[in-house]
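Protein sequences, first through last, are from chains F and E.
The first sequence runs 1 to 266 under the working numbering.
The second sequence runs 1 to 266 under the working numbering.
Mixed in with the good hints, there may be bad ones.
What the hints assert, rightly or not - Residues from chain F shown here face chain E by an in silico Cβ test under 8 Å; the list is partial:
{"no.": "1", "residue": "Ser5"}
{"no.": "2", "residue": "Gln9"}
{"no.": "3", "residue": "Asn60"}
{"no.": "4", "residue": "Glu65"}
{"no.": "5", "residue": "Leu132"}
{"no.": "6", "residue": "Leu163"}
Said to hold, decoys possible - Below are the EDC-like pairs computed for lysine to aspartate or glutamate, each with C-alpha atoms no more than 20 Å apart in a straight line:
{"no.": "7", "chain 1": "E", "residue 1": "Lys106", "chain 2": "F", "residue 2": "Asp24"}
{"no.": "8", "chain 1": "E", "residue 1": "Lys70", "chain 2": "F", "residue 2": "Asp110"}
{"no.": "9", "chain 1": "E", "residue 1": "Lys44", "chain 2": "E", "residue 2": "Glu102"}
{"no.": "10", "chain 1": "F", "residue 1": "Lys70", "chain 2": "E", "residue 2": "Asp110"}
{"no.": "11", "chain 1": "F", "residue 1": "Lys70", "chain 2": "E", "residue 2": "Asp37"}
{"no.": "12", "chain 1": "E", "residue 1": "Lys125", "chain 2": "F", "residue 2": "Asp110"}
{"no.": "13", "chain 1": "F", "residue 1": "Lys51", "chain 2": "F", "residue 2": "Glu261"}
{"no.": "14", "chain 1": "E", "residue 1": "Lys70", "chain 2": "F", "residue 2": "Asp80"}
{"no.": "15", "chain 1": "E", "residue 1": "Lys44", "chain 2": "E", "residue 2": "Asp246"}
{"no.": "16", "chain 1": "F", "residue 1": "Lys14", "chain 2": "F", "residue 2": "Glu261"}
{"no.": "17", "chain 1": "E", "residue 1": "Lys189", "chain 2": "E", "residue 2": "Glu261"}
Keep in mind the hints are simulated off the structure, nothing from the lab.
Glycine residues also receive a C-beta, built at the ideal position from the N, C-alpha and C atoms.
Number of protein chains: 2
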Amino acid sequence: MNRQSLIDQIRKKKSFLCVGLDTDITKIPQHLFATEDPVFEFNKAIIDATKDHTVAYKINTAFYEAQGLKGWSSMGKTLDYIPKNIFTIADAKRGDIGNTAEQYAKTFFDTYPYDSVTVAPYMGKDSVTPFLQFPGKWAIVLGLTSNEGSRDFQLQPSGDGLLYEKVLQTVASWGSVDNTMFVVGATQKEQLERIRKIVPDHFLLIPGVGAQGGDMATVARTAMNKDVSILVNVSRGIIFAGSGNDFADQAAKAAATYREEMESYF
Amino acid sequence: MNRQSLIDQIRKKKSFLCVGLDTDITKIPQHLFATEDPVFEFNKAIIDATKDHTVAYKINTAFYEAQGLKGWSSMGKTLDYIPKNIFTIADAKRGDIGNTAEQYAKTFFDTYPYDSVTVAPYMGKDSVTPFLQFPGKWAIVLGLTSNEGSRDFQLQPSGDGLLYEKVLQTVASWGSVDNTMFVVGATQKEQLERIRKIVPDHFLLIPGVGAQGGDMATVARTAMNKDVSILVNVSRGIIFAGSGNDFADQAAKAAATYREEMESYF
């Protein structure tokens, strides 16, 4: 999906919500285990319940990989089931040398036809550019992540700024706003302002809002630009909003609440 | 496999060779496509041909992932086929927040029972420590990689040193020499000396020797310690040494040549 189509969907739905399908098999409702593929049945119900409220689904590949072949099969079926007007993200955080990065691009753009994949920047330019060669496909590169461990390296000084700032600056120069986004787990005003100075026009994928404590109002008011250009991810706060037979209804309610708040910032 | 067993294997075989199974389906001999699983048949023949010369196999997961379910199946069969006295590495370069890193640890230590997995450090402590909780299993964390892109961030100043030096120092403090190794694609004497000052006792996984131009003698003389503690990886230089019906014989010859050179440094 290209940039303009994504922006159009965001404006149409008045939503910049991304639902994270971190489908932990140990947390899905018991009654689904009577079906042949409980993970897919869960995702199917979640997608049906949330598709009117969200503009993107982010599949956290680790939860599928851990289940082996069965998990990759559930992942493939889930990706297939997502309506084509909704942006898809393989949250796989791959990063390797050129010839290997090409194989990962093939994996997530071709074998599994996602719109985008998250990419780790540590190995530098030749680990990222193979993801930038596919029209309408995106590399979503880690900038500042929302976890405690972001302090270990990302928030350490590097030259005149911090490492993650150097990453944003450098990676932005390798591609364009049409094929590169950044993961920024920032929910503080000052940080978001600094990030928007470095990458004013890029799409930002922002986790850590909601259940993890981030403040949606601050994020929206500080990080939105004239094309909106943010996707705010919520995973557990939506997909595990309920745990009983009505889990899909609970997920729909949670997603609707997030979308309604988002609409107020348009 | 624990540290002592690995050292014992290295001393017994007088080899610190790791064979990289970067099995690119477009490069394997044509006659194998008559079989049901050409990638596995190729790997099986390579393992039979090289197992007496090598102490480790490194499976580059990207080449398998790109083939979807079929690829993961070939990977699982290959891992199963590797003799139990040979150390196995999932070269997967994963790295994510704690609950997701746990899923990756499950993937590569349990669902697919590797001895070790390569891990990217950018997301910090909680992205690495979940891999350090399994007795006899290892996280092999990226320090300095051998590609051009290592200059973009790894070789940039960070505090008093370079980023990769800070990574080695910091990550070493999270685990021990019994559960942490480092990828260092260094083949220059000065660099290896600096690395050995920071992590004198850790195992180092060293790619970039041989076909990629690194000098084995320098690596061996500079990076070996009293327990040897290096694994030198060769992928294409062995597995694609030949391309015809005799590909396995050619691989055996190439592996034997590497091992013989290694023996001279013991």
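Of the numbered hints stated earlier in the document, which are not met by this structure? Hints 1, 2, 5, 9, 12 are the ones this structure does not satisfy, whereas the remaining hints hold.
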